[in-house]
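Enquirer: Let the hints inform the model, and build the full structure from the sequences given.
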Amino acid sequence: KVRQPWTVLMEKWLNTRFPCKEKGRSGHSVENKCMHGMGSDYFATQMAGWKQDPQHWLHAADLVVLEFAVNDIERRLKARWCDPLCPTEGLNKDSQIQFWTEAMLRQLLSL
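All residue numbers for the sequence shown refer to this note's numbering, where the first residue is 28 and numbers rise by one.
Simulated from the structure, these hints should not be mistaken for lab results. Misleading hints may appear alongside valid ones.
What the hints assert, rightly or not - Computed Cβ-Cβ distance ranges for the label pairs, DEER-style: (1) Glu94 with Ser137: 19 to 29 Å; (2) Pro114 with Trp77: 15 to 25 Å; (3) Val35 with Asn119: 34 to 44 Å; (4) Asp80 with Asn119: 27 to 37 Å; (5) Pro114 with Ser53: 41 to 51 Å; (6) Glu49 with Glu116: 42 to 52 Å.
Said to hold, decoys possible - List of simulated lysine-lysine pairs, DSS-like, C-alpha gap at most 30 Å: (7) Lys120 with Lys78; (8) Lys50 with Lys78; (9) Lys60 with Lys39; (10) Lys48 with Lys60; (11) Lys50 with Lys60; (12) Lys78 with Lys48; (13) Lys120 with Lys60; (14) Lys39 with Lys78; (15) Lys60 with Lys78; (16) Lys50 with Lys39.
Every residue gets a Cβ at the ideal spot worked out from N, C-alpha and C, and that includes glycine.
Expert: Right under this line is the structure:
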């Protein structure tokens, strides 16, 4: 059995279950924008910059899936996750994950 990445499976599911009805569209497009080893802290910071660029893919997205569990857990296990100027300095590791996840959600909601 050939295993397919989750993005391919999700795109097939979306196109089957919720076909695009807009003219000129050939279906949904699902892209995986993850980067190996990067957690919610990295993407929350990047998202602030992406919001400033009206041509960035983030502005055209209909759905954004945020899933950083593996990377956040791996990073949480390291002795130091944040530098001393980090806004989450002093918070325990679980609270840091919560902070960065909420920061991303608030930025998405403000688009």
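Enquirer: Look at each hint and say if it fits the structure.
Expert: Each hint tested on the structure:
no.: 1; hint: Glu94 with Ser137: 19 to 29 Å; result: 21 Å, holds
no.: 2; hint: Pro114 with Trp77: 15 to 25 Å; result: 19 Å, holds
no.: 3; hint: Val35 with Asn119: 34 to 44 Å; result: 37 Å, holds
no.: 4; hint: Asp80 with Asn119: 27 to 37 Å; result: 34 Å, holds
no.: 5; hint: Pro114 with Ser53: 41 to 51 Å; result: 42 Å, holds
no.: 6; hint: Glu49 with Glu116: 42 to 52 Å; result: 46 Å, holds
no.: 7; hint: Lys120 with Lys78; result: 27 Å, holds
no.: 8; hint: Lys50 with Lys78; result: 27 Å, holds
no.: 9; hint: Lys60 with Lys39; result: 18 Å, holds
no.: 10; hint: Lys48 with Lys60; result: 25 Å, holds
no.: 11; hint: Lys50 with Lys60; result: 26 Å, holds
no.: 12; hint: Lys78 with Lys48; result: 28 Å, holds
no.: 13; hint: Lys120 with Lys60; result: 24 Å, holds
no.: 14; hint: Lys39 with Lys78; result: 29 Å, holds
no.: 15; hint: Lys60 with Lys78; result: 15 Å, holds
no.: 16; hint: Lys50 with Lys39; result: 19 Å, holds
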